[in-house]
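Student: Generate coordinates for the entire structure from the input sequences, incorporating the hints supplied.
Just add 1 to wherever you are in the sequence shown, counting from 1, and you've got my numbering.
Note that these hints are calculated values from the structure, not bench results.
Worth double-checking, as some hints may not be accurate.
Derived pair list, reagent style BS3-like, types lysine-lysine, alpha-carbon separation capped at 30 angstroms [claimed, not checked]: (1) LYS22 <-> LYS5; (2) LYS8 <-> LYS23; (3) LYS23 <-> LYS5; (4) LYS8 <-> LYS22.
So the derived label-pair ranges between C-beta atoms look like this [stated by the list, open to error]: (5) ALA47 <-> ALA26: 18 to 24 angstroms; (6) THR10 <-> GLY34: 16 to 22 angstroms; (7) PRO52 <-> ILE3: 38 to 44 angstroms; (8) GLN49 <-> ALA25: 26 to 32 angstroms; (9) GLY14 <-> ALA47: 16 to 22 angstroms.
Just so we're clear, the structure is a prediction, and the values are computed from it rather than from any experiment.
The beta carbon of each residue, even a glycine, is placed where N, CA and C say it ideally should be.
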Amino acid sequence: MIGKQIKGTGFRGCLNYVLGKKDAALIGGTMCGQTPEELAAEFGIARQLRP
Numbered sequence: 002m003i004g005k006q007i008k009g010t011g012f013r014g015c016l017n018y019v020l021g022k023k024d025a026a027l028i029g030g031t032m033c034g035q036t037p038e039e040l041a042a043e044f045g046i047a048r049q050l051r052p
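Tutor: As structure tokens, this is what we get:
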């Protein structure tokens, strides 16, 4: 497989890409969310707490 390198503009797009794959699974972490929307919301809250 030859990977295509692109530069995205947001973290939500990265989450959608990675978790949108068939059989994708999170294997660890401290976030409660399981979907890209939930994880993006949690990261948004953390970002506001640490400007």
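Student: A separate judgement is required for each hint: does it hold in the structure or not?
Tutor: Taking the hints in turn, this is what the structure says about them:
| no. | hint | verdict |
| --- | --- | --- |
| 1 | LYS22 <-> LYS5 | holds, 15 angstroms |
| 2 | LYS8 <-> LYS23 | holds, 22 angstroms |
| 3 | LYS23 <-> LYS5 | holds, 18 angstroms |
| 4 | LYS8 <-> LYS22 | holds, 19 angstroms |
| 5 | ALA47 <-> ALA26: 18 to 24 angstroms | holds, 22 angstroms |
| 6 | THR10 <-> GLY34: 16 to 22 angstroms | holds, 21 angstroms |
| 7 | PRO52 <-> ILE3: 38 to 44 angstroms | holds, 39 angstroms |
| 8 | GLN49 <-> ALA25: 26 to 32 angstroms | holds, 27 angstroms |
| 9 | GLY14 <-> ALA47: 16 to 22 angstroms | holds, 18 angstroms |
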